[in-house]
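If you're matching positions, the sequence shown starts at 1 in our numbering and goes up one per residue.
None of these hints come from the bench; they were simulated from the model.
The structure displayed is predicted, hence computed values, not measured ones.
Even glycine gets a Cβ: it sits at the ideal position worked out from N, Cα and C.
Since no wrong hints were added, every one of them can be taken at face value.
Listed next, with one range per pair, are the computed distances between beta-carbon atoms:
| no. | residue 1 | residue 2 | range |
| --- | --- | --- | --- |
| 1 | 220 | 56 | 19 to 29 Å |
| 2 | 175 | 119 | 41 to 51 Å |
| 3 | 210 | 259 | 43 to 53 Å |
| 4 | 165 | 138 | 25 to 35 Å |
| 5 | 119 | 56 | 36 to 46 Å |
| 6 | 163 | 48 | 13 to 23 Å |
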Amino acid sequence: MIPMVMQHRRLPLIIAAVLAAALVSISCTGTETPPPDDALESPEALRGAIDARLDTVEDARFRRVVLEYFGDGDRVRVRQLILVERPDKLRVQTRLPGSDEIVSLLVTDGQTFALHEREDNTYYTGAPTRENINRLLPVDLSAADLVRVMLGGAPWDRFERDGGEPTLDWDREQGKYRYSVRGENGNLLSMYVRHPEFVVDEVRETDADGEVVYAYTTRGWDEHEGLLLPSFRRFQWPERDLDFSVDSPEVELNVDFPPTLFEFPPPPGSRIVEIDE
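Using the sequences and the hints, build the whole thing.
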């Protein structure tokens with residue numbers, strides 16, 4: 001039997017040891033999230049789960065959109081109406097704050113795209129490729145990827161353009177899936193996906209030194225007719241000094257748009273500019 005005096009002397013040491021163990025446990029579990037028991041294990045399975053979210057959605061209208069652009073020392077704030085229809089149809093109307101006049105209109109029906117700038121009455125047109133759209137709307141995404149991103153999905157074209165084999169692991173710090181592809185230039189393109197919602201929270205491209213060269217981030221996810229969508233999207237491209245956000249608080253799904261909304265012939269008298277690859 002331990003003498004009573006010895007028991008009292010050991011008590012503070014025992015308490016200290018217990019507290020230390022508790023702190024270690026908190027520090028280990030507080031910053032890391034283990035994968036769920038039903039976590040998907042292959043890139044193909046995750047892709048299927050991400051795409052399955054959109055099985056019940058054909059199109060969407062994003063009203064009262066506010067786009068804020070930061071680049072080349074400028075800050076621009078405009079209002080937009082964005083219409084998307086799967087798989088690759090877009091209509092983006094842009095107005096200046098306090099005005100109902102459309103200053104630019106971008107439209108693609110999946111076969112061709114057109115952008116009209118009202119200020120100089122110039123009409124740009126070409127194939128709706130990532131390269132062509134990127135010259136006029138710097139998001140580094142194809143038309144199909146833009147539709148997917150607006151619906152909370154994945155920019156698959158961007159992940160496939162370098163031909164790398166995708167890998168999948170569980171990021172314990174974020175508590176999300178990490179779907180990654182290594183590009184021919186050595187850069188790592190990663191997508192972070194929530195479980196079990198399978199929504200794309202973030203896309204990040206880093207170079208060999210771990211520096212971010214491109215990022216797409218989201219926040220403010222809300223449910224719209226059973227579909228989770230972000231109300232805020234941010235695109236960053238440091239090399240081009242681009243940083244802009246899209247705030248879209250009001251969404252309507254399955255509107256059933258007429259095809260004419262995604263067609264846009266040149267306005268009379270406009271200067272037509274063909275955009276080549």
